[in-house]
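Trainee: Chains U and G are the protein sequences, given in the same order. Mapping the first sequence onto this note's numbering, position 391 (from 1) lands on 391, and the numbers just tick up by one. Mapping the second sequence onto this note's numbering, position 416 (from 1) lands on 416, and the numbers just tick up by one.
You may find that some hints are simply not true.
Simulated pairs of lysine to aspartate or glutamate, EDC-like, Cα-Cα distance not exceeding 20 angstroms [to be verified]: (1) 560/U / 596/U; (2) 659/G / 75/U; (3) 143/U / 656/G; (4) 659/G / 227/U; (5) 687/U / 229/G; (6) 10/U / 164/G; (7) 560/U / 486/U; (8) 142/G / 677/U; (9) 234/G / 677/U; (10) 260/U / 3/G; (11) 61/U / 655/G; (12) 524/G / 596/U; (13) 13/U / 261/G.
What the hints contain is simulated information worked out from the structure, not anything from laboratory work.
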Amino acid sequence: MPSPPPDWVKALKPSGPQGSELLQQERAQSNVDVERLSELLHTKENLERRASLLALLQPEKVFDKSQNHTLGRVERLQRSLAKAKRLQQLAEEHKWSMQELHAANDLIGEPTPYGLHASMFLVTLREQGTPEQHKLFLERAEKYEIIGCYAQTELGHGSNVRGLETTATWNSNDKTFTINSPTLTASKWWIGSLGRTANHAVVMAQLFIDGKNYGPHPFVVQVRDLETHLPLDNVYVGDIGPKFGYNTMDNGFLLFNNVKVPHVNMLARFCQVDKETNQYAKPAMPSLVFGTMTWVRANIVLDAGGVLARGVTIATRYCAVRRQFQDRDADPHAGETQVLNYKMVQVRLLPLLASMYALHFTGRGMMRLYDENQSRMKAASSPDQESRGAGPEQLRAGANLLADLHATSCGLKALASTTAGEGLEICRRACGGHGYSSYSGIGPAYADYLPTLTWEGDNYMLTQQVARYLLKSARAVLAGKPARNDTSQILQAYLDRRDKGASFDVLDEDKDIVAAFGWRTAHLTFEALKHRDAEQRSWNSLLVDFWRLSTAHSQYLMVKNFYEAVSSPELSGALDPETKGLMHQLFRLFSLHTLEREAAEFFSSGAVTVRQITLTRTTAVLKLLDDIRPHAVRLVDAWAIPDWHLDSSLGRYDGKVYEDLFRRASEENPVNDLVFDPYPWNSALLKNEPAKSKL
Amino acid sequence: MPDFTDNLRPSQPDGPTTLTRERQQSNIATEELGQHLLGSDGFLERQARILPIIQQEPLFSKDQQQNLSRPERFKLGVARAKILRRMRDLHKWSYLEYQMAEYLVDDVSPYFLHMEMFITTVREQASEEQQSYWLPLIESWKIIGAYAQTELGHGSNVSGLELEARWDSRTREFVLHSPTLTASKWWNGSLGRLANHAIVVAQLLLPDPSAPDQYVSHGPHPFIVQVRDMKTHKPLNGIVVGDIGPKYGYITMDNAYMLFDQFRIPHSAMLSRYSNVDPSTGIYTKPEKPALVYGSLTYVRSNMVHRARLVLARAVTVAVRYSSVRRQFQDRDGDKMGPEMSVLDYPTVQIRILPLLATTFALHYTGLAMQTVYKSARQDIEKGNFNSLAHMHSMSSGLKSLCTILAADGIETCRRAMGGHGFGGGSGLIQVNNDYLSKPTVEGDNWMITQQVAAYVIKKMTAAVGSPDTPGVDETDARFKGFIRNKRRPGRTLETNNRQAYDAYEQRVIKKRNWNSLLIQLHKLSRAQSESIIVTTFFDALSNDKTLSTPIKTVLWDCYRLFALYTMENESFEFFRTNAVSQTDLNSLESRVQDLMARIRPHAVKLVDSWMIPDYLLDSALGRYDGRVYEDLFNRAHRLNPLNRITFNPNYWEDEIVKGSGDNGRGILAKL
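This is chain U alone, in the form it adopts within the complex:
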């Protein structure tokens, strides 16, 4: 690394007022009780756990973050494996729970090559394995004696699991399965932890018995030798190469050339091939899998709030420190204005500040619903629901809480991850030029987060499931079935008042805001139903309508969840009246800003008038921005994201933005070790290195 700068440079300070002073001012002008709000958001227990983990991790050299953005891919992955190993050693030493390991991983801030072993491999073995298979695979996997991954997607096949090409053919003569890749597009692809790290994989393959295809099933397959870690014969496996982000993960490819595995390697808790009769036995409890997906999506919604909070924390603090231009209408001798005072910065950041709270409370709401339904789901399973891809609307409608939660979760997952992903980019741009530096901490987080927008089902594909569910519910309501869940109720309410009109007082009544969002969803649902049932339009031609409908419904759910959270006794009990009032303001900002952006749909559905939208735009939103602005820094402080986790010069808690940017550029930047020969006709690149460079 370059040597430290000379003394005259070290002696320089940023011009005043200092970032630290500005953030102090910001914190002084608001009474928000940061500690109480933090505890409401994260719980005291979680905050304390994170603090002790932070104290443990931060001093370890192997977790140093300073070179993350400078290293080449090969070195980064090696570093990443070193981090993963150390984490696992610490987990063993300190007997961490799963939550603690997750929290530690989160603080490290990068995916590691053990990621898919610790999540999908263990989960799949646990949920889909028999007791015999638990002994054979799960116990060893939990001790990391075998390291695995989950190999589903293929080079040519993503969301459509039925289209997978890898085959598993049952051999009745020697009671084995033959795993094979018949084409190049059958290659497993994108499989995390597989590229260089795993020696086992759960492989999803089309099961063939006696020439008949029984669809995709999971098989445990060893792919590398446990001694040499080299691929086994007739297995071709490797890393798929550099990516937009996620470069600390070894996403892999995998091909099989007729590899035999024993009967016991097909995960058989729910379905199996009878060894004696060679008969296929059907799935027993598929809806549990369905529940897992819902749980995964609820987590994505909750995480989306945290990811967005990272960007908003950085941008809000930096925009409070950064000053640019004098206010046109102010005293010309005043200093430059903090950019957070500019309305066009506020209108980008403060709605995102509100969104991160909205996402958090929505995620919490979903989790609660999931927990409440766990027991019911186990009691009464509905066997027709696993095998459906995105498409047909054969779901049983009515008062089915499981279906309500499922439709809710897949639409919200799409909206939440898009809001967080795009929100990060808005935050980055709101930081102006310095947002482009890796030291901003936003770009790298954005790049690692982006795949969430396409995995677990492409966001656009998922919206079909929501639409299918809403259409089904609408048909039921039209048929006079009683409205027993929330979705049916908003549809019924719309039918009841359609002729009278809506006349919601969105500017003054919080409850009416929620109703207006429900109204719009109901309106779009009946419009779509008209196209599909009365006009007999093709499913394909309606996909864009379905996407809009799903977005509208998910926005309604966020608005509703946010409203319920801010009106809850839990929140009132935890916060002082002023902070509680501010939570209501955030609710209004989130809702009215969304309403204003989707103005055309609100207007054409008759939920609000043009005058109301114009007032929202010109008065209500501006007023909310003014009201929330003084509390912005404390509202991000309450998320309590440690500096080490943010890894950002711009977003530091203490506001020492410029000192940190300069320190990193001058002392942590290996490019400054290179002294170039700048002239084109001298082939030597460097003055301080032997003529033969690595190139």
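Let chain U serve as the given structure and place chain G on it in line with the hints.
Mentor: Same frame as chain U, now just chain G:
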């Protein structure tokens, strides 16, 4: 090493079959459209001639560049830039030919600032005597220069710069000094490691004639300064300069920081074509035409407007080809026996990609119009007529903001529309995305500069309101006056952007609302104004064209309608509120847009083919001309990926990382 994977083929129908079918179903003559778009100044001819030369040079192979560390990648960038410069001499390339080579190699050149801002500033701002000394040195590359204006704490607001250039009347020198850390120069390209000279913009401090021990600032001025030793290439004493570290993109550019400690430069260092300090009296002479200073920024912005089309075309080319080849799910209403559907047949994919395909053409015509306006305004200015300057400045600011947003967001929309593989290095959209994402915030932040459009529009509207019945002095003036006259008659349809301009005028001028409270509305106004320019330009270009064959003309008209109606749908509330379009018409927009997409869909592959972007530039497995998507993805993973040459030790209780290295992980920690 041969293995069983060598015999595997993708499942059917494969990419080449699909793309051949796509190309057969359209009657578009790609050569003709290509010539129409890019033929006029010889672009396509240069591309065809220079491409094979570039592809022969091993250093220009793009196979490994995504795997390199920042120092290695920067070194590769410098090595390529050197060779490119030598090839220019070898092949006697013109600057346009050299630019073509650079475009194909697709690295941001670390010499960029030397070739552009450094030499341009000397040409425009140096006195004749200074030019005759410096230009030969620069043109012969005896010195390498950069342009250092922005500082750690100061970007767009040039008057806030902190670096001082204090006149020492005793020695008749300027003393450059950075009084604070935020005065550090920052982001200055080509300066971090490469340049030995720089144009340095600093606050000119001169003694107050009435109180000689007091200094008065005369605002920021440019100085030409040597910063590194010509032999050792080390910074001169009193200067600290270096690279600012890793960024989102621009990995081959050495953006710099630079600080000065009482660093003395001669009187002749101040570029003095317009302003001067008398060396004997220390008296300041003012620039005659201060407006010229923003001439070069306008030049940069108008170039960005012009270049947006090719950047977006690249992303759309990849997205259209891959979405044709990629198949997912059967059609729900079709028979369930056929192959999965091409994803480009899904309206949810079309609505993301096809409006962007139309946008490439919209940006094309706007880019041309911007160039024309810029050239004629320059000619006026050379003749001493500054009337068109404000219009050009406003137009370039608004269009820079809108066009770079359309392109930057468009690249990302295309990338995401491709699902999982769009995230992979084989998409070919990663470096272009990373590099292009600098555009919305550089050379005037896209949000900040819309104020300039709004200020201009309010001024013009104020003038129009003052005398609505006089003839218009220019196009905008005439349009606004027409609007005011119409407004007096009830029931008339009002154009959306004119109405927004009037609203803004009313808020600011009549109601005296404060500027800050209007910023959001003004941003919308600027966007509406720029959208109106793009739509109008597209319409005029197609209406006036006499050369295109009917099939092409027909599909371009559809693209025009798609762009216009899609834009209108996104802003439908504004169109309704301003009475420009009726609610009934707005309600039918959605189905019109779908119809237009269905009409354009069969031509999509041929339309992107017409942009003639070579595979070498695309560097994309997904966007290959021949459709061999999966073979290429596999080849990149299988043969080109250096990670697969290393075997890891996966056991967490052993610190060894690379199997057999036996270093217990120390090799990894040693690099910290």
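Trainee: Which earlier hints can't be squared with this structure?
Mentor: none
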